[in-house]
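Number of protein chains: 2
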Amino acid sequence: MSKILVVGSVAYDSVITKNAEASNILGGSATHFSVSASFFTDTSLVACVGRDFSRRDHEFLESRDIDLQGLQYLEGETFRWTGDYTENFNQAKTLDTQLNVLANFQPMIPKTHQNHRYVFLGNIDPKLQQSVISQVETPRIVAADTMNYWIESARESVLQVLRLVDVLLINDGEARQLAEETTLVAAAHKILSYGPSTLVVKLGEYGACLYQKTGDGLSVFGVPAYPLKKVCDPTGAGDTFAGGFMGYLAAMDRADLAAMRKAVVFGSVMASFNVEDFSLDRLRNLTFQEVCSRYHEFEKLTAFNPISPQDQFKSMTK
Amino acid sequence: MSKILVVGSVAYDSVITKNAEASNILGGSATHFSVSASFFTDTSLVACVGRDFSRRDHEFLESRDIDLQGLQYLEGETFRWTGDYTENFNQAKTLDTQLNVLANFQPMIPKTHQNHRYVFLGNIDPKLQQSVISQVETPRIVAADTMNYWIESARESVLQVLRLVDVLLINDGEARQLAEETTLVAAAHKILSYGPSTLVVKLGEYGACLYQKTGDGLSVFGVPAYPLKKVCDPTGAGDTFAGGFMGYLAAMDRADLAAMRKAVVFGSVMASFNVEDFSLDRLRNLTFQEVCSRYHEFEKLTAFNPISPQDQFKSMTK
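Going down the list, the sequences are from chains A and B. Those letters in the first sequence? Residues 422 to 739, by the numbering used here. Those letters in the second sequence? Residues 422 to 739, by the numbering used here.
Treat the hints with care, as some may be off.
As the list makes no split between identical chains, a pair holds if one copy fits it or if it spans any two.
[What the hints assert, rightly or not] Here are the simulated lysine to any residue pairs, SDA-like style, with alpha carbons at most 25 Å apart: (1) K514 with T603; (2) K611 with D463; (3) K634 with N525; (4) K634 with F709; (5) K650 with L492; (6) K650 with G594; (7) K514 with R597; (8) K439 with T603; (9) K532 with T635; (10) K611 with M422; (11) K439 with K532.
Calculated from the structure, these hints are not laboratory results. Computed from a prediction, not measured in an experiment: that's the story for all the values here.
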């Protein structure tokens with residue numbers, strides 16, 4: 422079982438949906454990722470919070486056995502984000518961002534974390550992502566997220582990160598924007614030419630796709646989303662997905678094609694739980710039995726029979 | 422092997438895409454459907470064309486062994502449609518529609534077709550769809566398509582059709598619009614309460630979903646789209662999908678859950694070929710060997726391993 426290092430944000434989110442809203446709830450890419458990954462393996466978090474970060478939230482992360490040595494307490498307030506899903510459940514409209522302590526964040530990787538074999542770079546300034554890569558020793562897999570803001574405002578820096586990572590996990594719109602392509606498959610081909618050997622595209626309600634370079638081209642895997650009748654709050658679904666994805670790979674210390682596919686399913690499982698409640702509340706009482714049981718639901722959701730000798734069609738007889 | 426009756430449009434399309442364009446090419450819902458279904462079973466087409474419908478196109482349909490007794494030649498020109506995909510490959514912008522003979526179309530089902538066990542109602546006026554249902558004897562499966570235009574302008578009539586059909590095949594946006602729901606799963610629940618026991622939602626680049634009423638709720642199946650690097654022309658993909666879907670069910674004379682899943686994969690296979698060229702040109706030289714081989718590609722595209730005893734995670738040991 423290998424360890425994971427995650428660097429990203431810890432936040433207090435305010436979220437508005439059609440049916441409900443919640444204010445100042447625990448969020449942030451590193452938070453969602455680490456809580457999700459903590460189901461699978463030992464996880465070390467590097468991030469910063471303000472003096473207002475609550476003791477209760479700190480203790481919750483500790484209760485998940487997440488190593489918080491790298492959690493810096495800085496002068497000022499914790500990063501705050503307000504998002505609105507009333508128009509579109511797949512994509513929040515950002516109403517307000519207060520960087521607060523995140524404006525001065527300089528990731529410092531504690532000595533004991535520098536040899537972690539699995540590294541996840543949450544969605545922060547690509548310059549900081551590069552700084553993290555320069556501080557770690559010889560990781561087996563470095564995975565990164567990014568977002569439209571960085572693709573637009575710091576494209577060259579994002580491309581530099583891509584030359585250094587093994588896996589990029591982004592959403593549909595970001596993939597098209599990054600590659601400047603209209604179809605997803607063409608975008609995947611282009612993004613894999615930028616550096617990563619693996620691309621995971623998160624499609625929200627439509628599931629996820631995995632694209633991997635192989636000797637003779639591209640291996641593609643697709644899985645639908647778990648069919649939830651009611652989604653409460655999609656915030657953090659992508660990071661929770663990444664936590665399940667990297668969590669599985671690190672727990673098994675595997676990065677082959679078959680393991681990556683299972684990792685995508687575990688990512689989908691974890692994300693599907695995350696959206697059932699605000700913040701990461703659903704993961705607070707989630708059992709591993711429930712994780713396995715939903716993994717099995719994904720098998721049933723995607724199963725179909727092969728062509729059999731009983732299948733007789735008109736054009737076979739011609 | 423049961424027979425299929427399809428009622429819909431035969432058209433001459435003009436299509437503009439980013440990379441190419443084509444004018445006055447053979448199209449229409451009944452055309453795409455029947456050519457696709459003809460790979461699987463005997464198919465009878467009921468539609469109308471104008472005096473300008475070319476001998477060559479008539480002979481092509483005959484060469485597919487499609488029964489054309491129900492193809493009415495009316496005074497006037499064949500239905501024409503012009504669509505533009507330059508902005509969005511998943512959704513055409515209609516530039517021009519000339520109903521021509523379609524404006525006076527009254528489907529008359531020839532006596533010999535009235536006992537066909539599988540019936541597909543292409544996207545035409547829901548009043549005409551109802552008229553077809555009243556002319557057939559005791560079909561095993563009636564499936565229908567519709568579109569935003571009818572949902573907006575003739576909602577009550579669409580709902581009347583839904584009470585009479587077994588399967589509705591529509592796209593994502595139409596499903597949400599018809600159900601007035603934002604999430605696809607909630608939309609599926611509502612649409613199945615309108616009458617059909619099965620709903621197929623076509624997601625374009627994201628694949629397709631199948632929702633079926635079962636004794637204790639809803640059975641859901643999802644399959645990604647075949648990852649084509651280059652899409653030439655998506656026109657008719659939905660009808661070609663429906664042709665593969667109904668073609669498989671009719672060929673096997675089965676409508677159980679497992680058969681429906683295979684039918685969705687055959688639909689996806691046929692649609693993936695259709696978009697590779699303009700009109701239905703790719704299907705002109707398609708072999709059944711290629712159909713089977715791509716079906717097998719879908720198995721590989723969606724395969725992942727179950728949880729195994731080798732999978733050891735942190736939270737298992739707690």
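Quick rundown of the hints versus the structure:
no. : hint           : verdict
1   : K514 with T603 : both (22 Å within a copy, 16 Å between copies)
2   : K611 with D463 : neither (34 Å within a copy, 43 Å between copies)
3   : K634 with N525 : neither (37 Å within a copy, 54 Å between copies)
4   : K634 with F709 : neither (32 Å within a copy, 30 Å between copies)
5   : K650 with L492 : neither (37 Å within a copy, 43 Å between copies)
6   : K650 with G594 : both (24 Å within a copy, 17 Å between copies)
7   : K514 with R597 : both (19 Å within a copy, 21 Å between copies)
8   : K439 with T603 : between (30 Å within a copy, 10 Å between copies)
9   : K532 with T635 : neither (35 Å within a copy, 56 Å between copies)
10  : K611 with M422 : neither (33 Å within a copy, 45 Å between copies)
11  : K439 with K532 : neither (45 Å within a copy, 53 Å between copies)
Of the numbered hints given earlier, the model fails hints 2, 3, 4, 5, 9, 10 and 11; all others are met.
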